[in-house]
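Given the coordinates of chain A, work out where chains B and C should sit on it, guided by the hints.
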Amino acid sequence: MSIYMMKQETAEAKAVVVDDMFLTTDMPTTAGSKMLEGYNSLFEAEVLTRLKNAGYAVAGKTKVGEFGVDLLGETCYFGAEYEGESLQYPAALAVKNGDGKAAVVLDVNGAPRRGAAQSGLVALKPTYGRVSRYGTIPVACSGETVSVIANNGTDCREVFCAMAGHDSKDGTSLPESMTEQGKAAVNKRNKVAVLSSMLKGVNEEVQAKIAAAAEQLSKNGVEVVTIDAQTVAYAGAAWNILMSAELCNNVSRYDGVKYGYRTKNYTNIDELYTNSRTEAFGDFLKSAILFGSETLSTENYSKVYDKAMRVRRVIRDDMAAMLADCDALLMPAVSTLSYDRTLVERDKYLPYKENFFTAPASITGFPVVVAGGVQLVGNAFSEELLLDLAELV
Amino acid sequence: MKYETVIGLEVHVELATESKIFCSCSAHSFGAEPNSHVCPACCGMPGMLPVVNRRVVDFGMKAGMMLNCDINRVTTFDKKSYYYPDLPGAYQTTQWFAPVAVNGRVDIETSAGKKSVRIKQIHMEEDAGKLVHDISEGTTHVDFNRTSVPLIEIVSQPDLSSAEEVEAYLVRLRTLLRYAKVAECEMAHGTMRCDVNLSVRPAGSDVLGVRTEMKNMNSIEAIKRAIEFETARHIDALENGTEVLVQETRRWDDAKGKSYAMRNKETAGDYRYFPDPNVMPVVIDDAWYEAIQNSVPEFPEVKREKYIALGLTEYDAERISESIMLCECFEEASEACGNPKEVVNWITSDVMRILNAKKMTYEMLNLDNQALGKLISLTGDGKISRANSKKILSAMFDDRSIDPEAYAEANDMLIGEQNDDMILDVVKKVIEADPKSVNDFKNGKEKALMALFGKCMKELKGNCDPQQLKVILLECING
Amino acid sequence: MISKEVVEKVAKLSRLNLDEAEIALYAEQLSQILDTMEGLQQIDTDGVVPLAHVLPIENVFREDDVGQCFRQEEVLANAPEQSDGMFQVPKIV
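Chains as they are written, first to last, in my numbering: chain A, 36 to 428; chain B, -17 to 461; chain C, -12 to 80.
Honestly, the hints are just simulated from the structure, not real lab data. Certain hints may be false.
As the list claims (entries may be wrong) - 27 Å max Cα-Cα, derived DSSO-like pairs, lysine-lysine:
# : chain 1 : residue 1 : chain 2 : residue 2
1 : C       : Lys(-1)   : A       : Lys383
2 : A       : Lys226    : C       : Lys78
3 : B       : Lys62     : A       : Lys338
4 : C       : Lys78     : A       : Lys299
5 : B       : Lys62     : B       : Lys102
6 : C       : Lys78     : A       : Lys338
7 : B       : Lys341    : B       : Lys372
8 : B       : Lys97     : B       : Lys288
Extracted from the complex, chain A is given alone in its bound form:
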């Protein structure tokens, strides 16, 4: 089974791979869904234009789980990737294969960070708004961020710099002046906090990774403290609500009318809609759609959706307060270093549980670096500082 939707030879010395959430004009874009099989975009993602202008060639498009919301790509209509019984993240494998200097991926629900953590690679999810989302398949727009996976922090930094910057085509793109101000306001404290509330449910291997990272940081003169931050542990639950609702709305456009899959089995417009979507969407996506739709219903909006947005502010403010005093919050990216096939196939609910670890950075838009199998979540605009810390773990 290939990890690619499409791979192409490139003569360029500098190459990257991108995942199938980025619109391309020379290759189809499917978001891992039967719904978009063979879909040809009329325009290209802004980051690809920027990377090409910086001299990078695109060596291929790696597979993603359907609309990028699963664990590591197991819900991809075009096939999941296992090594033995262990689920693999295609973009991480591409980097390990040396197919490109980095993989440029859309972090919707933490899959790139889980992939990097389990493969021993470095991943950077920048501050929300620093990299344009123009031309990415929209799923959970309030948090999803264009991210980079590479063998090391240096390569991550290089590719990130080539694609970051204001884009007037993205209304959530940060103005340069704000980025400059934000970067200037980052103060190195030489201190990292382990969030004890985020260690819930991790296995021994992962605990060891956390301990090792803390030790390495200490050895290099970084003060390591432990904080019990209760609210952060609710990020996953809140993010599941926001993400599913946004997803439900964003994938409602796939209705068999304008493009994409259309059922053969219809006599009226409602059957066209319903049968196209029922036949083309996978089970996990359907559950996310149903859940998202329910959270936005008139009965649930204030109790569920509005509540999640309030919790989002509480978590953001709490984390910002912690980060005023230290450089990064150290927490796991995964509960285990390998997802076994039987577990993945049995527990359909796993992506909703496992994002317990990745949701704090998703829901706040704070930058995060994965290195040494752990996450370092920093304050807005602290990408450089996080990549420096990553060198130490």
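Okay, now just chains B and C, sitting in the frame of chain A:
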């Protein structure tokens, strides 16, 4: 039993911007090829992101101020989900939680007297596409040219009680929004559309009856007919039990003069609103607010009173203040020539005659008003004959850049001061050539003078003040 | 616990067809997810303003300038069915 009708209106108005609300496609596709004013953003393809057209907010605020609304200083956009083929994303970006304007008031006057209609809110949103039905093939075709054209929806409270009041309200809305130059408001073009929420109850009751919503009326006359029909249907149901009224959406068929319950529209009706994560909040600071406030024009009544004070008749003042374009024409031309009464004569005669001949509405008036003032001055001063000034005005309608004086000069229409001698020469020549007419006139035939006058004018190619010519002609004849 | 009726209602709203087994499965799954939601009630959010956008930016606009549209054949290039330059669907009554 006596009944009363309770009516609230939802009026959609297309804003007169150049481009669409969230993308840069042209907002003007009337008569264009289908799907030719479309980009991936406005036809529901993934990946393009909405960026708000600033002028839409300007116009939304201005409309709010025209209707005496409070402006929400923080106003946001939200997503509304439902499936219908004219809605390419299966969601509409609209304003649900914090619309741009709230708590307004529109004053109307009918035979029943004066009334204030309360405005609940005005929100900004994107329009949907158009469906074209092919009856013979049993298919429907979708054109997205109109999707994402900016709209405001003006929601009234149920304060209206008759077709006449609804007409007065709609005419008033149209006048005010045209005054603000934010919208065309032409029902025939679909740039103003109106849904009627109607219920009937025993007179004096404070309990509302079953409410129906009617759509698909394409003119104010159709709206009035629909209201009359629907009111009668409701009363008939209440009085005679002809049917059981249910809360529903109905489609007005103007040709048949009947309303029908609509089927196949989203019935579940849970639109699942939530804030659009891709559109940042709009925050209106004092400077912006004041800039828009300063651009709000005087209301029609204020203008009318002002014009009466300038010496216009009530009738003329009313006619001019009917349209902001006429007001501007009147005010600017008056300022240029200093003679408002003369300007109003020109507008109500020549200008309106040409508009009429060209089948143009007042709103399409595109004269250089200052140049019109100048033309009126030149004519009044006897520099251009009345006949030639009409020709020049006609040319000015076709070419806004025409300067009347330069145009008159270039076309031999200018009557110079030194022309007295030239006129005298011409008059002498004409008299000499036609002694019979001179004699006829001297013998009391008034018509003969007109003949001589006409001959002189023809020789002079009209470049002559008629009064002046008449004086010289009489002097010559009478020796 | 989420009832089958709720799942059916939501599925209809989302234009998805579910068989009996799926309805039961999703009812259970949705219940599980909603249970974790209950935890959120433990966070006191009285007086907290909902956070819809994480960025502290506002007033992002474009000027009212007309740009390039796409050509009709490009817009229709991915259409499953088209006719006379338009997307085609079954008759809407």
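Q. Between Lys226/A and Lys78/C, is the straight-line Cα distance small enough, at 27 Å or below?
A. 65 Å, violated
Q | Restraint status (C-alpha distance of Lys78/C to Lys299/A at most 27 Å) | A | Roughly 16 Å separates the two Cα atoms, so the pair holds.
**Q.** Given hint Lys288/B paired with Lys97/B - CA-CA distance at most 27 Å
**A.** 24 Å, holds
Q. Going straight from one Cα to the other, do Lys62/B and Lys338/A come out at no more than 27 Å?
A. Holds, at roughly 19 Å.
Q.
Hinted pair, alpha-carbon criterion (27 Å max): Lys(-1)/C, Lys383/A. Please report holds or violated.
A. 22 Å, holds
(Q) Lys78/C and Lys338/A were given as a pair; does the straight-line alpha-carbon distance stay at or below 27 Å? (A) Violated, because 39 Å separates the two Cα atoms, which is more than 27 Å.
(Q) With the threshold set at 27 Å, check whether the alpha-carbon distance from Lys62/B to Lys102/B stays at or below it. (A) Holds. Lys62/B to Lys102/B sits at ~19 Å (cutoff 27 Å).
Q: Could you grab the alpha-carbon distance between Lys341/B and Lys372/B and see if it respects the 27 Å cut-off?
A: Holds, because 18 Å separates the two Cα atoms, which is no more than 27 Å.
In summary, the structure is inconsistent with hints 2 and 6 from the numbered list given earlier, while agreeing with the others.
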